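J.: What follows is the residue order along each chain.
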Amino acid sequence: MSGLALLIFFAAYGIAAQDIQLDFWAAEETFNARTFPTFIAVGGAGFSLLLLLTGDSRSLPGLGELDLGPLLALVLLLVSFTFLIEYLGFVLAGIGLLAIAPVLLGEKHWQLIITVSIGVVAGLYLLLSALDVYLDPGLLGWLL
Amino acid sequence: MIEGITLGLTTVLTLQNLMLVLAGCAVGTLIGMLPGLGPISAIALMIPVTYGFEPSSGMILLAGVYYGAIFGGSTSSILINAPGVAGTVATAFDGYPMAKQGEPGKALATAAYASFAGGTLAAVLLVLSAPWLADLALSFQSVDYFLMLVLGLSLVSAFSAAGEHIKALIMTFLGLALAMVGTDLTAGVQRYTFGRMDLVDGISFLLLAMGTFALSEALMMVLFRNRQEEQPPIPNSGLNLSRREFGRIMPVVSRSSVMGFIVGVLPGAGATIASFLAYGTERRLNRDQPDFGNGNIRGLAAPEAANNAACTGSFVPLLTLGIPGSGTTAVLLGALIAYGIQPGPRLYVDQPEIFWSVIVSMYVGNLFLLALNLPLIPYLARLLAVPRQFLIPLIVFFSMMGVYLVSFNPFDLQLMVLVAVMALLLRLLSFPMAPLLLGFILGGMLEDNLRRTLTISDGDLSYFFDRPLTLLLATLVVLVLISPLLQWWQSRGVQRNA
Chain A
3 MSGLALLIFF AAYGIAAQDI QLDFWAAEET FNARTFPTFI AVGGAGFSLL
53 LLLTGDSRSL PGLGELDLGP LLALVLLLVS FTFLIEYLGF VLAGIGLLAI
103 APVLLGEKHW QLIITVSIGV VAGLYLLLSA LDVYLDPGLL GWLL
Chain B
73 MIEGITLGLT TVLTLQNLML VLAGCAVGTL IGMLPGLGPI SAIALMIPVT
123 YGFEPSSGMI LLAGVYYGAI FGGSTSSILI NAPGVAGTVA TAFDGYPMAK
173 QGEPGKALAT AAYASFAGGT LAAVLLVLSA PWLADLALSF QSVDYFLMLV
223 LGLSLVSAFS AAGEHIKALI MTFLGLALAM VGTDLTAGVQ RYTFGRMDLV
273 DGISFLLLAM GTFALSEALM MVLFRNRQEE QPPIPNSGLN LSRREFGRIM
323 PVVSRSSVMG FIVGVLPGAG ATIASFLAYG TERRLNRDQP DFGNGNIRGL
373 AAPEAANNAA CTGSFVPLLT LGIPGSGTTA VLLGALIAYG IQPGPRLYVD
423 QPEIFWSVIV SMYVGNLFLL ALNLPLIPYL ARLLAVPRQF LIPLIVFFSM
473 MGVYLVSFNP FDLQLMVLVA VMALLLRLLS FPMAPLLLGF ILGGMLEDNL
523 RRTLTISDGD LSYFFDRPLT LLLATLVVLV LISPLLQWWQ SRGVQRNA
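Protein sequence lines correspond, in order, to chains A and B.
Quick note: the first sequence, position 135, residue 137 per my numbering, numbers continuous.
Quick note: the second sequence, position 317, residue 389 per my numbering, numbers continuous.
Note that these hints are calculated values from the structure, not bench results.
Since the structure is predicted, the reported quantities are computational estimates derived from the model, not experimental observations.
Note that beta-carbon positions come from the ideal geometry of N, C-alpha and C, so glycine has one too.
Check each hint, because a few of them may be wrong.
Sample of chain B residues with no beta-carbon within 12 angstroms of chain A, all distances over it, derived [as the list claims (entries may be wrong)]:
| hint | residue |
| --- | --- |
| 1 | Glu75 |
| 2 | Ser201 |
| 3 | Asn312 |
| 4 | Phe364 |
| 5 | Gly367 |
| 6 | Gln423 |
| 7 | Arg454 |
| 8 | Leu543 |
| 9 | Thr547 |
| 10 | Leu548 |
Incomplete in silico selection of chain B near chain A, CB under 7 angstroms [what the hints assert, rightly or not]:
| hint | residue |
| --- | --- |
| 11 | Ile238 |
| 12 | Arg263 |
| 13 | Leu295 |
| 14 | Arg297 |
Partial list, computed: chain A residues near chain B (C-beta under 7 angstroms) [said to hold, decoys possible]:
| hint | residue |
| --- | --- |
| 15 | Ser4 |
| 16 | Leu8 |
| 17 | Tyr15 |
| 18 | Gln23 |
| 19 | Phe33 |
| 20 | Ala35 |
| 21 | Ile42 |
| 22 | Phe49 |
| 23 | Ser50 |
| 24 | Leu68 |
| 25 | Asp69 |
| 26 | Leu76 |
| 27 | Thr84 |
| 28 | Ile87 |
| 29 | Leu100 |
| 30 | Asp138 |
Start from the sequences, fold in the hints, and give me the full structure.
T.: Structure follows, in structure tokens:
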């Protein structure tokens, strides 16, 4: 199954390589912007086919073995974080991430969660400020 | 050479750089101790911090992180039988039984002394071999480089776990494919950007390293959260070895260090193969000792000396040829490129202070690890008891921040989450991640050298094997590439006969 998915990926990659824009004289050159991507597509597809033919003994573990609920919740939190950081800035978004993620993973001690989240973000803020690394305050920070 | 060492010492022995080695070793040890997080994650997490320093200082910090992470990995191997990285798996064979038998302090001390001796001997070998190889490499042509890069990438798959050769090759091609995203600077055209401005400069290697290692490892921890966790034995005493014990490990350490260094120099082999090879050799040489595998001090010293020596050895191709031999040195290469430095033979000639300061910092790093980490082990070991519900968010937070603080582009974070989820799926299907990173880092170099070769030869493919060196390299590449096919054919024959 993984071999087939990868074969499709490399085939699509190869097709997309032929869509790379070339100057009219570049098309006649021995090596142009399409050459190496085409090699990669052919090589990748070849080995994916080999994987498909030789058979991959590994399959994904059964759903029962995996803790899927917290994983999905954490991924959702990360996606939200990636969209919100632009607006909330490093400090607020960081505290939010570090406060919500432990809850999703089953932590119930609120005082500990708040101490860790604020402590870590404040510590990193101080370290980066001392190293003169720019920190984006976010849209909210600029407005305030 | 003496001048070079003096230059390296002058660069490293400043208060700032000594503090950086110290900080690197401490942070590397802390991160490397966390199960699943190895030197690649540790270095990737620290790269943004190094942007505030001179390149030589940045590399000194990262070299300290590298050694610290390897040492930290050994600690988790010994105390909870959970190797942080593949390179310290063999450490657990005798280290963990020693800890279980009530000697965790002695086991950690043995690991520290063996690592120090391995690192020291390898640093001497590095000093002797690197300038010679750098001089030799100055005469290499594009075609030699191209074939060496292909050989390095092929060897990564050849040295991967049994049954995973094809998967490693596919991951290498996937890494190469991702390296093509962005603008082709020679032709001035965009490739695979899908009209997005965020992709015009390509995918950041830091994003890929964090996504495939640190973040996907954190997601993996969530997925298998319900597995039983073992509480580490805290070593409060017994951190010294007797004279007799030193006598027992000295010959082992010497043999294993030389072996580890040689294996480390080979592209793709690295610390894992070195440690298994050293352990296997000692086991064969000590057949009369029944406690091998049950807490034998020699069985612990051998892989520790070898893996540290291999780490130093892996710097030889990186510094002299600009070719990383492992995932970790690939990340270091990425860091050097980010500083605006192209490693290779010219580095030795044009920027000797970086070349020599990295070499000297390796030795200083080993010294610091021994002098500081050993007394701090009882405290550092407590980190292994940090609950997963806090550890995972911290890894996630630091990896996301590491990427965001470089670009301040939320798109990079979104791409990183996507990469981490894909990496998680691939890891569950036993696809190795290091070849992907290596392919990604070397993709640009590979294309440039192939372009130059084909342009010079006007497309004549005989250029790839018309000199003895190119013929040798081309033959090795073919042999390495067809070896998985031959193994599969052989295993099919065995199955049929059975």
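J.: Compare the structure with each hint and give your call.
T.: Now for the hints, and whether the structure bears them out:
Non-interface status of glutamate 75 of chain B relative to chain A is upheld: no Cβ of that chain comes within 12 angstroms, the nearest being about 33 angstroms off. With 12 angstroms as the threshold on Cβ separation, the claim that serine 201 of chain B sits away from chain A holds: the shortest Cβ distance comes to roughly 32 angstroms. In this structure asparagine 312 of chain B is separated from chain A by more than 12 angstroms, as the shortest Cβ-Cβ distance comes to about 35 angstroms. Separation of phenylalanine 364 of chain B from chain A is adequate, the least Cβ-Cβ distance of about 31 angstroms exceeding the 12 angstroms criterion.
With a cut of 12 angstroms on Cβ distances, glycine 367 of chain B stays outside the contact zone with chain A, its closest approach being about 32 angstroms. For glutamine 423 of chain B, the shortest C-beta to C-beta distance to chain A comes to about 23 angstroms, beyond the 12 angstroms cut-off, and the non-interface label holds. No Cβ of chain A approaches the Cβ of arginine 454 of chain B within 12 angstroms, the least distance being about 16 angstroms, so the stated non-interface status holds. At roughly 21 angstroms, the least C-beta separation between leucine 543 of chain B and chain A is larger than 12 angstroms, which holds for a residue marked as non-interface.
Every CB of chain A is more than 12 angstroms from the CB of threonine 547 of chain B (nearest about 19 angstroms), matching its label as outside the interface. Here leucine 548 of chain B stays apart from chain A, with its beta-carbon at least about 17 angstroms from theirs, past the 12 angstroms limit. Taking 7 angstroms as the C-beta cut-off, the interface hint given for isoleucine 238 of chain B holds, the closest approach to chain A being about 5 angstroms. Satisfaction of the interface hint for arginine 263 of chain B is found here, the shortest Cβ-Cβ separation to chain A being roughly 5 angstroms, below the 7 angstroms cut-off.
The criterion of a C-beta within 7 angstroms of any C-beta in chain A is met by leucine 295 of chain B, whose closest approach is roughly 5 angstroms, and the hint holds. Because the smallest distance between the Cβ of arginine 297 of chain B and any Cβ of chain A comes to about 5 angstroms, under 7 angstroms, the interface hint for this residue holds. The criterion of a C-beta within 7 angstroms of any C-beta in chain B is met by serine 4 of chain A, whose closest approach is roughly 5 angstroms, and the hint holds. The criterion of a C-beta within 7 angstroms of any C-beta in chain B is met by leucine 8 of chain A, whose closest approach is roughly 6 angstroms, and the hint holds.
The beta carbon of tyrosine 15 of chain A is positioned within 7 angstroms of a beta carbon in chain B (closest approach about 6 angstroms), and the interface hint is therefore held. With its C-beta approaching chain B no nearer than about 5 angstroms, glutamine 23 of chain A sits inside the 7 angstroms limit, and its interface hint holds. The criterion of a C-beta within 7 angstroms of any C-beta in chain B is met by phenylalanine 33 of chain A, whose closest approach is roughly 5 angstroms, and the hint holds. Interface restraint check: alanine 35 of chain A against chain B, minimum CB-CB distance 4 angstroms, threshold 7 angstroms, status holds.
A cut of 7 angstroms between beta carbons decides the hint on isoleucine 42 of chain A: the least distance to chain B is about 5 angstroms, and the hint holds. Given the 7 angstroms rule on beta carbons, the hint for phenylalanine 49 of chain A holds: about 5 angstroms separates it from the nearest Cβ of chain B. At its closest, the beta carbon of serine 50 of chain A sits 6 angstroms from a beta carbon of chain B; the interface hint therefore holds under the 7 angstroms criterion. A hinted interface residue such as leucine 68 of chain A counts as satisfied when its beta carbon comes closer than 7 angstroms to some beta carbon of chain B; here the least separation is about 5 angstroms, so the hint holds.
Given hint, aspartate 69 of chain A at the interface with chain B, holds; its Cβ is 5 angstroms from that chain's nearest Cβ, closer than 7 angstroms. Interface restraint check for leucine 76 of chain A: the shortest CB-CB distance to chain B comes to about 6 angstroms, inside 7 angstroms, so the restraint holds. Annotation: threonine 84 of chain A was flagged as interfacial toward chain B, and the flag holds, the nearest CB pair being 4 angstroms apart, inside 7 angstroms. At a threshold of 7 angstroms, the smallest CB-CB gap from isoleucine 87 of chain A to chain B is about 6 angstroms, leaving the interface hint in force.
Because the closest C-beta pair between leucine 100 of chain A and chain B is about 5 angstroms apart, less than 7 angstroms, the hint holds. Using the Cβ-Cβ criterion of 7 angstroms, the hint placing aspartate 138 of chain A at the interface with chain B is satisfied: the shortest such distance is roughly 5 angstroms.
In this structure, none of the earlier numbered hints is contradicted; all agree with it.
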